[in-house]
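S.K.: This is what each chain is made of:
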Amino acid sequence: EVQLVESGGGLVQPGRSLKLSCAASGFTFSNYYMAWVRQAPKKGLEWVATISTSGSRTYYPDSVKGRFTISRDNAKSSLYLQMNSLKSEDTATYYCARLSRTMGHYFDYWGQGVMVTVSS
Amino acid sequence: DIQMTQSPASLSASLEEIVTITCQASQDIGNYLSWYQQKPGKSPQLLIHSATSLADGVPSRFSGSRSGTQYSLKINRLQVEDTGIYYCLQHYSAPYTFGAGTKLELK
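Quick mapping for you: the protein sequence lines, in order, are chains G and Y. Note that the numbering used here has the first sequence beginning at 5, numbered continuously upward. Note that the numbering used here has the second sequence beginning at 19, numbered continuously upward.
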């Protein structure tokens, strides 16, 4: 059974940093692209970052480019999101998601999410 | 960036009714379109991928279709457990973009 378990969320002040983790199990982690998707309270879904299988390629939307860094440790089957210079608008539930290996890269499995609150 | 215009924003339907939700892409995205269902307090779940393919374990009353740059999610014979918020996603090119969501309730 595919499982994705996020951790590391919490309350952080604006301008500070936070690192999220996602522990994967039930599949060969190193064979899959992975991603982070977030959802602000009562709002829709926003893609945040994607990383290739080896970690050599990463992709971000303009809203987080230069502030967030996605990374992975295939030996530990773990995905990470380093978030720097946090803003109030980064307040959201952050989901770890696996990208399919078939046509396109849709999100076929999601974690339960972890809440990040940016507030003074 | 590719914009996904999803409609309606909310929908109230009766049990056993047929429900249709649409997403209009701002440019050609081929079949790089997927649909997700999200229940309150839960993570999104994949329903449809590649515009028309049913994800594993998803009931056959769900189906997806495409006409040009318009994509539709159809639910035949609406059930109680189908309430929630539905999102489309284009994964043709970065930045990947979601529709704004459709909140489906039972009448």
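If you're looking for bench data, these hints aren't it; they were derived computationally from the structure. Keep in mind that this is a model prediction, so the values were computed, not measured. Backbone N, C-alpha and C define an ideal beta-carbon position, used for all residues, glycine too. Some clues are possibly wrong.
Stated by the list, open to error - If you only want the chain Y side, here are some residues facing chain G, beta carbon under 10 Å, derived:
hint	residue
1	Thr40
2	Tyr50
3	Pro113
Unchecked claim - Here are the simulated SDA-like pairs of lysine to any residue, each with C-alpha atoms no more than 20 Å apart in a straight line:
hint	chain 1	residue 1	chain 2	residue 2
4	Y	Lys57	G	Val9
5	G	Lys47	Y	Lys125
6	Y	Lys57	Y	Leu124
7	G	Lys47	Y	Ala118
8	G	Lys46	Y	Gln88
What the hints assert, rightly or not - Chain Y regions said to be covered by chain G (calculated; three or more residues, Cβ under 8 Å):
hint	segment
9	28 to 36
10	93 to 100
11	103 to 109
S.K.: For each hint, tell me whether it holds in the structure or not.
M.R.: The hints, checked one at a time:
1. Thr40: Where the cut-off is 10 Å and the nearest Cβ of chain G is about 16 Å from Thr40 (chain Y), the hint is violated.
2. Tyr50: At 4 Å from the nearest chain G Cβ, Tyr50 (chain Y) passes the 10 Å test, so the hint holds.
3. Pro113: Holds: closest Cβ of chain G sits about 4 Å from Pro113 (chain Y), inside 10 Å.
4. Y:Lys57 with G:Val9: holds (18 Å)
5. G:Lys47 with Y:Lys125: Distance of about 23 Å is beyond 20 Å: violated.
6. Y:Lys57 with Y:Leu124: holds (14 Å)
7. G:Lys47 with Y:Ala118: Holds, at about 8 Å.
8. G:Lys46 with Y:Gln88: Violated, at roughly 26 Å.
9. 28 to 36: violated (count 0)
10. 93 to 100: violated (count 0)
11. 103 to 109: Three-residue rule met by the segment 103 to 109 of chain Y, so holds; n is 3.
Of the numbered hints listed earlier, those contradicted by the structure are 1, 5, 8, 9, 10.
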